[in-house]
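Each chain is listed here by its residues.
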Amino acid sequence: MRLREQCGPDARENQKVDWPQVQSIVRRPYKHWEHSAHLILTIQDTRLARKWLQEELEERVRFAGDVYTLNDPEQKFGPMADAPVHLNIAFTETGLHRLGVCRCDLETFDPAFVEGMAPEPEQPPGSNKDPIRKRGTTRRAGILGDLIENHASKWDWGGIATLPNGDHDDDCASRVLRDAVDILLMVFAKDQETIDDYVRELLAGGAKGVSDPLAKLNPEKQTLRQTFLDTREHFGYRDGLSQPMFPDSKVFDHAPERWREFHQVAAGEFILGYCNERDERPESPTLSRASFESEKLPVQKMPANESLEDRIDFGRNGTYLVARQLHQNVGEFDRLVHDTAELIQGDHEDAPLEKAAGLLMGRGLNGEPLVPDPGEPLNLHGENIYNAYGFHHTDAAGIHCPIGSHVRRTNPRDAVKPDPESGLTLSKQHRILRRSRMYGERADWKRFKRRPKDDETERGLFFICLNTDIAGQFEFVQDSWINNPNFGDLEGERDAILAATIDTRVSLPSTPITRWIDRSKKDNPDDPPPKPKPKPKPIVEVRGGAYFFLPGRAALAALAQPKHLAAGTMLNGRTVAEPIKAQELDDQGSAA
Amino acid sequence: MLEPAILTIVAPIRKIWDGCTAPCAHGDDDDGKCDRPEDCLARLLREQMDLGWLDRDSRHPNQKETGQRQGEFDFNALNGLHCCAFVIAPSATKKGFIRGTVELDACLIMEATFDGSMEDFLHDLIDTNAAQLHRIFRFCEGFPENALRHPELMADFLRRKHVHHNTYFSGVPGRSISEIKTEALMRTRLSEYLSKTYKAFVNGKPGNRPRAKFRDLQRELRNVVRRDPLISMTEERPAPPWSVRNGSLALFAAGAALAAIFLTLTCCLLWCFGIGFDDFRSLAEARLTDTDASLTALIQLILMLVAAWCGVRVLKYLAAPETQRRYSRGLYYLADEFLNLALFTLKVAMVIAGTAVALGLVVRQEIATTGAVGLMLLIVFTASFAFYHALRIRAAPLRRIEIGPFSSHAAKQKREMDRGIVDTVGLVRRLWSLTLFPLAALVLDQIVFGWWWPGWATCLLAVLVCVTAVGIYLLAAMILLLVVKNALMAIAWLLDAIERRWCFAPANTLSARASQRNHIWAREEHRTNLSQNHFASQTLVKNLPRMLYLRITLTLVNFLARYLFNKGVLGGIPTIFSARWVLLDRGHRLIFLTNYVGAWDSYLGEFSDLNAYVGVNAIWTNTYVPLPESEKQRLGTDGRDVGFPKSSLFIFGGAAYEQPFKAYVRKSQLETLTWYGAYPGLSVPNINDNSRIRRDLFRKLSTAELDALFKRI
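Same order as they appear, the protein sequences are chains A and B. Under the working numbering, the first residue of the first sequence is numbered 363, with each subsequent residue one higher. Under the working numbering, the first residue of the second sequence is numbered 89, with each subsequent residue one higher.
Since the hints were derived computationally from the structure, they do not count as laboratory data. Please read all numbers here as calculations on a predicted model, not as lab measurements. Virtual Cβ for every residue (Gly too), placed ideally from N, Cα, C. Be a bit skeptical, because a hint or two may be false.
Think about it this way: if two alpha-carbon atoms lie no more than 30 Å apart in a straight line, the pair counts; the simulated BS3-like pairs of lysine-lysine are [unchecked claim]:
| id | chain 1 | residue 1 | chain 2 | residue 2 |
| --- | --- | --- | --- | --- |
| 1 | A | K378 | B | K734 |
| 2 | B | K182 | B | K103 |
| 3 | A | K779 | B | K734 |
| 4 | A | K578 | A | K552 |
| 5 | B | K269 | A | K779 |
| 6 | B | K720 | B | K183 |
| 7 | A | K516 | A | K583 |
| 8 | A | K808 | A | K583 |
| 9 | B | K655 | A | K779 |
| 10 | B | K734 | B | K103 |
| 11 | B | K734 | B | K720 |
| 12 | A | K779 | A | K516 |
Covered stretches of chain A (in silico footprint by chain B; criterion: 3 or more residues with CB under 8 Å from a CB of chain B, positions within the stretch not fixed) [stated by the list, open to error]:
| id | stretch |
| --- | --- |
| 13 | 840-846 |
| 14 | 850-857 |
| 15 | 906-920 |
Residues of chain B placed beyond 10 Å of chain A at every Cβ, according to the derived structure [said to hold, decoys possible]:
| id | residue |
| --- | --- |
| 16 | N167 |
| 17 | L582 |
| 18 | L652 |
| 19 | G675 |
| 20 | G693 |
| 21 | E717 |
| 22 | S771 |
| 23 | L785 |
With the hints as constraints, model all of the structure from the sequences given.
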């Protein structure tokens, strides 16, 4: 059930994305509007929610085509620029189900999306005494590294009620479980007041058919309602420097050729319905024509069997969106930086703290690459950014930029085996488009000079990335690169910044020998035993997360359009067990 | 040298099993009805698989063993065991045009890789785990009832059920388990030591040089290894197994055998057209008059050539990297290139001269058709030798110049230009080698012997005859090849078309998605994201021609895996620990069992992104996955089973289509019920790296090599 026609390299280079159909966040990170809110919504009433969707589709949901048509530097957002609030909407599997997509149709979506970021541990048929399953972890948790401190039973939202030891958590009423996460609403505006006003109006009285479960459970922890973009993230690094480029974007036209070589990625890696780096069209979800009809959505024939009814291509111009709320323990991070600086002292007399922070990340605090020959810069917004560099020719052994450093793990560029050319091709098949925002109180970037101290402030990164194949892109990066202890022929190491467990180590090779940063152990056993310290926490903790589907314009319209209620949809906060026809609903409405 | 042995036990499961209720009642569940013996056994095996060994080995080294659970398989008691897995291959019905409907029974499959002989292993296994084996294997047909009291009966049963693998690949060939573990420990110790003494090395004592010398460091590390009783055995490493040492020899022998077979076929073909060796002979005979003189001269020529060859070898030795610092860099490259050419020329000339001598001998002694085959063999060897050298572009000297960063577009252009030069050099060499046969003889003739040797024309003539013969044979061989290739293509195309229309729908992602199959792969990754995973799959073989082809392919892959891919990489994939293919039931079904490193997705992705897809296609394109009727309806396959993604000519396409390929593999996957690996935290490159470190540590190395060694640690 997929568009099987293959596309040649020419088709990949020359394909034109139908931008007016694609939600704007795919194309722009909204750099000009630094304020935003990310709302996790539950659908209470499908009819009202559909009506709300329809309204927003006409008024506020923004598409990339609008952005592109206008080059006016003042009004960056096109003909509808006077609209004060811009929305982008994505749905989870439960959200789509509650909007009327039947289970049979959901099977055509990406399996990872259907299963969700934190699936409940499953029982194999005929056994509930399974020793692994008793532990309450799943395959996906292993892939994403959501273990121990980051286990899904501890998440604020999107998690599960099964504890790591396999028991059921009766106290889970204080958390928003994955079933309650239906919609991710991304709200962008020029100032925070506009956003607050919009959110207040949206949630007032449940008239829109949606509710914010996080607000109900935890009124004082409303951090996701104030997300923002800044020049640096909480730890102090420049963020979002290296993004893949589409061939028909404006940055692409300005970029030097070597930039294109490293960062030009086919649109099919990020938008469904186009050719990807493998010269295939990634699989696009389809819906049966009975339930959703939209003139804009093309009908495709099933390749496997002509006798089945035609189906509509629901995924076209949409994509999958991965959202994770990552809490940043700034105090722990500072401690790690100080430890590292102590370790490398003597090597780098000048500013060892900054140097240490750079080694851990794989890029300096200002975003400067660590490899000796970082290629040509690109001048963006009056600033030179270096990104056209690989690792293989300049730093294969990781002397300058450690192999285990965060940035090198998340995008190893041409250092993927077997050789630089095919390595670059391979690593491009796993690129993701990042659209992260920060939340919480901003941390002081100059704090490195001081001694590290514990910092419990709630702050972090609302990580968002876009890809068309969750298992092949986001999960691949998480599993085969970030969490892989054997990444790049290392042995038993993890990502210094994202490691879920604390007893991991990172090596910093240099000439002639390598040193290890080991957070759990003291380096020299001959030293006097250190004072008992509090058990170190992970530097980055997962607070919640889910997989979403970010539909295109036509698919969004199709979702909002049906009048009847299928089984599984919501009516007045209750699940509809038997399908209700549109007429019956009207009768009920008039009777009421 | 121990080469790990492998055991694959395949035992059909009983159709009816009275005791089935017993283990079912064991658990406290009611919903799981154990109606079939294999379900029952699967439950039992699932419970066997406690991941305690994973925890203990990799994450909590200090934690003591929590105690064996009752009735659990004790893998740790088996000292030489590398890995072991239990899988149940479900029963299946195969409908075939030619051989009718075949019922395939459900089988219990146990795979094990271990050090030592099979007898010893079986002995150990029964010694330590008799009760557990009894609990598991009593589900199988023919298992002796009184096996617990008579272990030799059990051993006999297991021995009888052992099936020889069709193809086996090991990523870490020739290493015993103690070797792997000790080397890993050595690496850890060394890195700990380096970490500890880092400050001392960097700062040094006051007045000393700031950095220690590489060689001092090596000496110190050697001492670390020698002092530690646990790892001191690593100093001498046993020689690798025969297949690794002599892989190229075996490959060459196989190539020669193939060439001989092909040559004989060509001979037959030519003979059919009435062209025999006598034609060449008479051609030469007519012209050659003074054979004795020319023979003597040719033997002299060969002696001269041998002397020249020795001289060039000496020159090459002088120009080798160890001695290169005597010359300037550019001179070295020039000399190297020139000497390579000279050496090659000489080799070819020697072969030609040798051929001519043989030809002359044949002519003189009037050995007719009896000697013809031998001579033709010689000719083909000559030709293949020349071609081998012609096709192998020795571009190393030029490539060596361009190592280093390339910073800008201009640099990249330059790099490409360099590559262009290399290609041109290669091309020229290829062309040149083709004209070499007559040319080399002529030139050598004229320069060396022209003024005193009267028989140069004779020699030239002999060479020309030789060239004609080679040319005619090559032409015939090409025609034969074309015929064979087109016949194969036609068969493949016909088979493909028929199968696609009537039998097998290409896999699509939906077919892999039935949520009730999730438990099959739920065990991957476990929970700590360790290196190793296990994968098992069962597919049915399509039809008789496919089966024949599959057998040939499996044998070929087995040969290549043993002799060519024996450095830890199979077809470009560095993450396979072991892979085995077993054909069961007289070739009706194919079982694939593998231990690999990393995630399933990246493992399968490597198959489709790297060149290995050729091999995967050659094997799996002959197979399909049967679908129950209900699922055929749901997936809308028109009553067809799931076939491998569309491939052409057995080797192209197919697995290169990533998502359908993954869907097919998921569809064919079997649940790994019990699995044990002795070193779950190590990857294939780790193990091979550790061995290299150990080897290098005790060798004399240049500074650059030492630097590379320390970088690896």
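Structure-based check of each hint:
| no. | hint | in the structure |
| --- | --- | --- |
| 1 | A/K378 with B/K734 | 28 Å, holds |
| 2 | B/K182 with B/K103 | 18 Å, holds |
| 3 | A/K779 with B/K734 | 28 Å, holds |
| 4 | A/K578 with A/K552 | 27 Å, holds |
| 5 | B/K269 with A/K779 | 26 Å, holds |
| 6 | B/K720 with B/K183 | 15 Å, holds |
| 7 | A/K516 with A/K583 | 16 Å, holds |
| 8 | A/K808 with A/K583 | 27 Å, holds |
| 9 | B/K655 with A/K779 | 16 Å, holds |
| 10 | B/K734 with B/K103 | 37 Å, violated |
| 11 | B/K734 with B/K720 | 19 Å, holds |
| 12 | A/K779 with A/K516 | 37 Å, violated |
| 13 | 840-846 | holds (count 4) |
| 14 | 850-857 | holds (count 3) |
| 15 | 906-920 | violated (count 0) |
| 16 | N167 | 24 Å, holds |
| 17 | L582 | 22 Å, holds |
| 18 | L652 | 16 Å, holds |
| 19 | G675 | 29 Å, holds |
| 20 | G693 | 7 Å, violated |
| 21 | E717 | 15 Å, holds |
| 22 | S771 | 4 Å, violated |
| 23 | L785 | 14 Å, holds |
In the structure shown, a violation is registered for the earlier hints numbered 10, 12, 15, 20, 22, in ascending order.
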